[in-house]
Amino acid sequence: MKPLKLHTDRLFPAEPRTRDIARALHATVRDLPIVSPHGHTDPRWFAYDDPFPNPSELLIVPDHYVFRMLMSQGVKLEELGVPTRDGSPTETDPRAIWHRFAAHYHLFRGTPSRMWLDWVFAETFGIDVRLGADTADHYYDVIDAALKTPAFRPRALFERHGIEVIATTEGPLDPLDHHRAIRASGWGGRVITAYRPDPVMDPAVRGFADNVRAFCAMAGEDAGSFAGYLRAHERRRADFRAAGATSTDHGHPTAFTAHLGKAEIEALYASVMSGPVSDRDAELFRGHMLVEMARMSIEDGMVMQLHPGVHRSHNAAVLARFGRDKGGDIPAAGEFVQALKPLLDLYGNDPRLTLILFTLDEDVYSRELAPLAGHYPALRLGPPWWFHDSPEGMRRFRERATETAGFYNMVGFNDDTRAFLSIPARHDMARRMDCAWLARLVAEHRLEEDEAFELARALSYDLVKQAYKL
Amino acid sequence: MKPLKLHTDRLFPAEPRTRDIARALHATVRDLPIVSPHGHTDPRWFAYDDPFPNPSELLIVPDHYVFRMLMSQGVKLEELGVPTRDGSPTETDPRAIWHRFAAHYHLFRGTPSRMWLDWVFAETFGIDVRLGADTADHYYDVIDAALKTPAFRPRALFERHGIEVIATTEGPLDPLDHHRAIRASGWGGRVITAYRPDPVMDPAVRGFADNVRAFCAMAGEDAGSFAGYLRAHERRRADFRAAGATSTDHGHPTAFTAHLGKAEIEALYASVMSGPVSDRDAELFRGHMLVEMARMSIEDGMVMQLHPGVHRSHNAAVLARFGRDKGGDIPAAGEFVQALKPLLDLYGNDPRLTLILFTLDEDVYSRELAPLAGHYPALRLGPPWWFHDSPEGMRRFRERATETAGFYNMVGFNDDTRAFLSIPARHDMARRMDCAWLARLVAEHRLEEDEAFELARALSYDLVKQAYKL
Amino acid sequence: MKPLKLHTDRLFPAEPRTRDIARALHATVRDLPIVSPHGHTDPRWFAYDDPFPNPSELLIVPDHYVFRMLMSQGVKLEELGVPTRDGSPTETDPRAIWHRFAAHYHLFRGTPSRMWLDWVFAETFGIDVRLGADTADHYYDVIDAALKTPAFRPRALFERHGIEVIATTEGPLDPLDHHRAIRASGWGGRVITAYRPDPVMDPAVRGFADNVRAFCAMAGEDAGSFAGYLRAHERRRADFRAAGATSTDHGHPTAFTAHLGKAEIEALYASVMSGPVSDRDAELFRGHMLVEMARMSIEDGMVMQLHPGVHRSHNAAVLARFGRDKGGDIPAAGEFVQALKPLLDLYGNDPRLTLILFTLDEDVYSRELAPLAGHYPALRLGPPWWFHDSPEGMRRFRERATETAGFYNMVGFNDDTRAFLSIPARHDMARRMDCAWLARLVAEHRLEEDEAFELARALSYDLVKQAYKL
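Protein sequence lines, in the order shown, are assigned to chains A, B and C. Sequential numbering from 40 applies to the first sequence in our numbering. Sequential numbering from 40 applies to the second sequence in our numbering. Sequential numbering from 40 applies to the third sequence in our numbering.
It should be emphasised that the hints constitute simulated quantities derived from the structure, not laboratory data. You can take every hint at face value.
Heads up, the list lumps identical chains together, so a pair's fine if it works in one copy or across two of them.
Below 27 Å or equal to it, Euclidean Cα-Cα: the simulated DSSO-like pairs (lysine-lysine) are:
1. 508 / 380
2. 365 / 115
3. 508 / 115
4. 380 / 365
5. 44 / 187
6. 380 / 301
7. 115 / 504
8. 115 / 380
Please work from the sequences and hints to get the whole structure.
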């Protein structure tokens, strides 16, 4: 058995002077509360505080970072207990699943998943040996036993890990019952929602027209007119704000925006509601609706997030058998300069709007995003996202975006995860990487030390609270 | 008040052995004269040697790097005294402008503007405290007083900063009077022009046909025929050479080139002169004219520069109210391999042609530009441009282009600035970054130390003089 | 004369702790045998073991890395003895060619060619002074004398450099006589072939239909039907396997794949065989045939390599006078996510398929290739290719691909060269760069030291053997 020990200098530069600066910076932000403005945790955890079922259902079955890598090396999703769409059986023994994971743990070397998991094992569960085939049972037993104790229920973990506020993400048809339950429970943890209207804004989504009709019905508005549909958004945004939301989120295929005339959008709405919908009409409708969302954000103060550019469910067989979000999403090349112009022409100079941009195409960091954010008052840059939420990904973002956008057009860190236990591990990684970057700037005399201390705090805590109005 | 002190090791790697090599290299190039082969300083400064008006009009109002960042964080261009197109009033009190700038100076942390400005404050004006709200008046008073003295007039600064030669950029309709005045003045500073014919080569420019008519009239040629138009270029190029020019510069939307047949280009010329002009015809005309420019360069020896790929004036409201060049230019994705083929098929192997390529799309460094420059005798790579004229931008360029293009297909540094005082600061940054890069190669035993000394000098001085024939 | 000495720490990080780790890692892989699964050496060398003719014909005339750089700085290919297509004379004096090369050796500073050549000079030929005009004759004499000795014949060099196995690449019309001769010779060196069917799979290739007819005739199949053509592939693949091949290789313009219906592909086959061929039909045919190749790979176990995205013979004048492969190939932007979907929909989840992807477009490392390889069981990532087979290129690949693809979806190193003497130099560079990367991960506590030792061996030896079934 090999020891598991998180080194106190992990992720800091090896060069001693730079490392010393990174250490000093990190000491001042290590214990700051966690602000998690965007993610996909399940509000039921916080509403009902039930124990997590077992190690595999907590850490493997729902984590697409984990099972995509195992699958790439020949482990079948069935063997990992990922449920099928048709209910055909997959592995049901959580210990067997855990053993398969443990036997392949070497596959994660060099990946952020490995560092997050090791953090969880060491810090959350207090394990001091490395995961492998030889320690699989020990791990399973320790974690399983812990999960049965009150200290490992969702609310206790929330508090133990210093989460000041966390946002979940709900669709426009969500009744927000779980969020209501959280508030009604009297528990003091701050869990808020975020408005993600894709199912009623993207005519390419299966069931779009039915979604819109249900959505308008929920809001007491008339789905038969575009004006009614817009009012339904306004009402549901208000509902979400009442459940704490300060932001909307938009997961479109592209960053395309458009501003159609009144007659044109009304006709387009009628057309996409009666289907079939062409690719071009779907893009136009989404694009116009982003502009409407920006307009509403100016009116109601909700911060707008745009997460474009993913080819969803690329693997046809996995989609057919297991459904969406099963590790088969692949980034697409991005374009923001032309795409956002219609929106920016209308609202880009309005200080009441905050539009936070994310991308999976790192090429646009220095070519498009930093120049846009370093100019338009309404724009801010989200942190490296998804595949790029990693040490090298963070370093590339800082190196490519900072010189043109500056630090103050950035919004700190998002963990963007459904893996609740990884949240403190992800913030730990982000804070260390930011301190490492700042330390390098100081060591190369590109930044003064007192400024680096201010910026370390800003990147860990202040900027995210300001940008998301938290 | 916090001290302002430029560290002698700034921008050098922190690792001690590498830093020592960088120091040694830098000591041999630090005091070499400045050769500035491409930029946008105003020849009137050198022709008439009038004092600069005040700190804000010198350092803030004309510097789009500065006001774009302030604007991105909510400071209005009106508050910074940027003049409007319609003459509607903006801030006129330079001290008030300076205070706004000083109060937001933290926004520039991590940007090259911050390092350039600090250099100017410390080296040019001798200020030893950091800029901020608390020191704004001190700064204003020191700089304003200095500007009233002979030592801070343009020619004195030119000499003090060791400028051996500087090129301005003039349009094809410029009478070059200021350059004549410089030569007539008897002053020994070498200020030359460069030929930037975009207004008469790009049919998409407003007023194109009028420009061409005026241009042909200046040259005594007939605008009614393409042959006359070409001869006008030849004559005006000769005028520019008489004003010292050794280069032309082309700021096209793309790097597209084309070689049309005689009848085809004559018909296209007639068409773009009588307007309206389609996007395709404008691109074809620009593309063909780049080939004509290459042909003329082979004949008259002028070095050709291509600066493609900028979406100009992206911000519609800023364009309408303040005009062009107000910080709203955004890079565009670039393509050179297909685009340049027609030109290269004709002249790419001709050693008499030097075509220097620039880009704002860093993706093409390793994929397109370095492979092209490492093959075609006519091609050279310009340094990192505009948004990428920064420490990280320079590092990326060296890392991505050197291994395939080699050092000798590069042309040293361009400051490309209209901010006269920043010129020595920019060359200082470039020389330090080049020494840092060379030091790393030496420290990793990828280059011998004696070669690094030769290359440090080449990158700072020799290559630019050779490439630009200065 | 300056000394030539390969530093034992070359390519290792300068930071002492990291360098020490790199040294320790490297000591364990330095002497591992060389596995060269993909390249372009000439099987005649190993079949007949004739001496290499002279220094210039060995090291300059055939090396496009060398002559492209010399050409870019004005040395004519004629002056370097590159043969013309029409037989018109070029330089025939190998010593004169060598002198030209030596006089321009400074052009290679900072390029991988310089490091490879110095390795060959120092390690293979034992030269201890640096190449330059002053040492050109000494070099020529030493190398020329060595080449006349048995120790410098191909087989002796093969053995001396520890090559365990090397793959050449042959076209589908190759009778494989030289490979038969190698086996018949009784020499123990393992030299295998690889199946590169581009001339009979790409209808855009000159002579395609004639190639296909000859190909089917070789295989005893009927070129008149698509079924016969497919069977000819199956037979020739078997012939290649009999000559040791474990892989196929495909050098298509793009990564496009397609799966046409039976009637459609039969009609397309008839059409491309009768010509003329549209660009679209050529792309469709290539795309469909990649899918057929994948199907055959599943059946016969051959590993599939895809090397897409090169604009071949960009320089029209060089192509006309000297032919293909003369340094004028330029990378093209790549796209894999859409392009590979048809193939992956059919076979991407089949563990019997190994499809190794290469690219010259580094942008796709983190955006496309690593996400694809970190998901699909059939996909693996080839090492940095051609222009990116360099220290910085390797570093970028590791930094951008590892976090998402993991180490185990990579296949170690390919030298991919026709420059036989550079093979050990290239593997030396790759091993050093991998150890440098692993050392950084260890020094930053992102990987445990025992894991780094396993990975150093995996990247140098184990992964390539597994992936290529060697």
